[in-house]
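Note that the sequence shown covers residues -21 to -1, 1 to 150 in mature numbering (1 follows the signal peptide of the UniProt record, and there is no 0).
Take these hints with a grain of salt, some might be off.
[Stated by the list, open to error] The calculated label-pair distances, taken between Cβ atoms and stated as ranges, are:
#1 E120 x A47: 27 to 37 Å
#2 D63 x D91: 30 to 40 Å
#3 G35 x T66: 15 to 25 Å
#4 D91 x N121: 18 to 28 Å
#5 N46 x D91: 28 to 38 Å
Hints in this document: simulated from the structure, not taken from any laboratory.
Heads up, the beta-carbon is just placed ideally off N, CA and C, and yes, glycines get one too.
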Amino acid sequence: MIRTFATSATLAVALGSAALAQDSEMTIVETAQATEDLSTLVTAVEAAGLVETLNGEGPFTVFAPTNAAFDALPEGTLDSLLADPETLGTILQCHVVEGEVMADALVGMIEDDGGEHAVPTLGGCELTAALDGENVTLTDENGTTVTVTMADVAASNGVVHVIDGVVQPAM
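My request is simple: use the sequences and hints to build the entire structure.
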């Protein structure tokens, strides 16, 4: 299963390279800034004052929600969060893991742990990683499940995995 996911992840990155900046010399923030489909994430990172942190040495693993993921939030949620940098920062840090965790390593941890692996984040959230077929999913403490849609986007200070939803701390 590890080989299958790693192959799928590599294919997804290759197919998505036109949409996602692929330059391991850029930081995580620079990668997001160069990627149109992550522009809402960039706006949120800037509003929360996390640019310096995510441009830092790291390494970090970032589960990056797409613009569509932010658009799927209830109406007015994003505007409210952008006006509340502290809460926004906590939510965004629930998408960041200390260290560089590539997709094949995460799949291995899931398999080693019997099908689920706890993923502590910088925001104090604990995500549960699991496999749904060949896809890695992450479930937050509220039961919201998101899927990794593109894996292993290398950056100079870590790795980005694109996800199709926004995870949040326990409410």
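At the C-beta level, are E120 and A47 separated by a distance inside 27 to 37 Å?
23 Å, violated
Please check whether D63 and D91 have a Cβ separation lying inside 30 to 40 Å.
38 Å, holds
Can you let me know if the beta-carbon spacing of D91 and N121 is within 18 to 28 Å?
26 Å, holds
28 to 38 Å as the expected CB spacing between D91 and N46, which holds or is violated
34 Å, holds
Assuming the hint says 15 to 25 Å, is it satisfied by the Cβ distance from G35 to T66 or not?
22 Å, holds
Hint compliance for this structure: hint 1 is the single one not met.
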